[in-house]
Amino acid sequence: MDVLGRYRNLIVLVGVLFAQVLGLAVQVKRTTDSEPTRLIRIWAVGSVSPLERMLAWAQTSTRGIWRNYVYLRGVRAENRSLKAQIERMSLDQVRISQDADQARRLQALLAFKEQFISQTMAAQVIGSTGSELSRSVYIDKGERDGIRPDMAVITADGIVGKVLRVYGSTSLVLLIDDQTSGVGAILDKTRLQGILRGTPSGEVVLEKVMSDETVPPGEQVLTSGGDGIFPKGLLVGRVTKVAPGSELFLNIRVRPAADLSRLEEVLVVTKIDERQAEPDQTGGARAIDILAGRLPGVPSKPENAVNADAPATAAPASTAGSTAGPVVNPKAAPSETSVAAKVSPKPVKAPAEPKTQPAAQDSPH
Amino acid sequence: MAITYTSGEQVEVYRFSVPATVLIPLAAVFLQAWLPLRFPFFTVFDLPLLVTIGFATARRNPLAGLVTGGLIGILQDALTHHPIGLYGISKTVVGFGASSLGIKLDVENAGARFLLTIFFYVVHEVVYFMIARGLVGLHMEWSWPHELLSGVANALLGVLVFMLLDRVKQRT
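Protein chains in written order, with my numbering: chain A, 1 to 365; chain B, 366 to 537.
Calculated from the structure, these hints are not laboratory results. Honestly, I wouldn't trust all of these hints.
Partial selection, computed: residues in chain B whose CB lies under 10 Å from chain A [claimed, not checked]: (1) Leu-391; (2) Phe-407; (3) Val-409; (4) Gly-435; (5) Gly-438; (6) Ile-439; (7) Leu-451; (8) Phe-461.
Note that beta-carbon positions come from the ideal geometry of N, C-alpha and C, so glycine has one too.
Whenever a hint applies, use it, and build me the whole structure from the sequences.
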């Protein structure tokens with residue numbers, strides 16, 4: 001009894017540690033995607049998020065007042081510049097629409113299925129986990145707003161992550177630079193596929209690209225659609241460094257296009273539609289017609305349609321949406337938008353790729 | 366009636382009022398979650414750890430220290446996407462250790478607090494590293510320069526935090 005009294009503190013310490021280790025072991029063993037959110041997480045998020053939401057609102061309001069009423073210097077010049085830009089883009093559209101028509105005809109021939117982001121929801125980033133080892137952020141939209149786990153989260157610049165946990169009015173978004181994250185990715189020009197993962201130090205690497213391949217630094221990385229979360233063709237980032245890695249694979253460093261350390265507003269992709277490409281209204285979805293379009297002697301194209309015959313190769317995903325429907329600018333999206341963003345920028349170059357990728361690329365998340 | 370759990374050791378022992386006991390850890394966890402959004406470098410700091418050390422050394426009661434550390438750690442865990450218990454265990458150990466050491470050492474001056482914080486920051490990181498790697502299976506890289514520099518940064522901030530805590534602590 002005396003011994004128990006003397007070592008009381010140590011015994012309690014061991015007991016508390018044992019209980020926590022046991023609880024940890026149970027959680028590690030039971031971790032599944034369908035696991036319900038623990039009550040303690042709901043309490044913790046519920047105690048912190050109202051204040052975060054209030055501060056985010058105050059910050060947005062202050063910034064809005066500043067931007068909309070105070071800081072209007074240079075608006076006239078900017079307006080002139082934007083009008084000139086619209087004119088230039090209208091001319092570009094003529095060329096791009098011809099490429100798109102051609103691409104649609106080919107897609108129809110191949111029974112190609114396109115993925116469209118048909119609905120997004122704007123959300124504000126209100127908090128983080130505050131840990132270097134858990135790279136996630138909280139957004140101000142939750143279950144009540146229609147957010148569900150595994151929805152893709154993007155910005156105008158590129159992908160951000162996926163919804164991991166959903167609470168009543170907030171959600172936890174796992175960023176792509178977290179070590180437990182994984183995104184099916186494809187290199188823009190070489191069309192090599194791999195899995196994008198975060199590292200403990202917060203860098204992003206593209207894994208599973210064989211070491212005998214050549215990957216030039218600066219090449220764009222797009223989503224491959226193989227993970228079933230991100231639609232194909234969204235911009236991920238650029239290759240910054242390529243080095244021989246362990247085993248048979250290259251060590252490819254990628255700089256995310258979206259600035260993950262300074263996120264403010266994001267878009268949650270709430271609905272992705274899939275539909276088969278249809279030929280245009282003029283008909284003629286025959287190979288002979290497509291080939292005839294390339295023969296000399298066809299009526300000349302508009303003056304500004306320079307390089308109209310070149311295959312659609314240039315536009316990255318974030319800017320290629322103009323072909324199939326309205327131009328998508330996630331920054332300009334209202335809180336609930338319905339857009340027809342064509343997210344497969346190069347269906348012509350990779351016609352043989354079905355919507356679902358090989359098993360090796362699936363579900364890296 | 367004691368306002369909060371305190372010890373009756375012979376050294377000078379302090380206690381904190383109930384609002385301070387509840388609100389200060391909550392504020393620390395909130396700031397730790399909010400500030401990195403505005404200042405990304407803030408993830409280097411661990412405000413809840415500093416509060417744990419501050420409370421533990423003031424109360425000088427190992428049981429109170431481990432309970433405070435454990436609760437603050439679990440609250441911090443609940444905000445991450447990792448299993449609950451990683452920070453909980455680390456801060457339980459730190460809370461116990463800091464209060465046990467607080468009984469034996471003078472932790473009232475800034476120099477001692479500075480060194481104490483570096484020491485317990487490293488202890489915290491070592492425990493976290495071992496559990497995260499061994500039990501949860503996270504891939505982690507240990508870097509002594511990074512840990513020591515982070516320890517110094519936390520210790521500098523810690524001296525300020527302890528000065529603030531001095532204002533709300535009450536002699537028993």
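Against the structure, the hints come out as follows:
no. : hint    : in the structure
1   : Leu-391 : 6 Å, holds
2   : Phe-407 : 8 Å, holds
3   : Val-409 : 7 Å, holds
4   : Gly-435 : 6 Å, holds
5   : Gly-438 : 9 Å, holds
6   : Ile-439 : 7 Å, holds
7   : Leu-451 : 7 Å, holds
8   : Phe-461 : 5 Å, holds
In the structure shown, no violation is registered for any of the earlier numbered hints.
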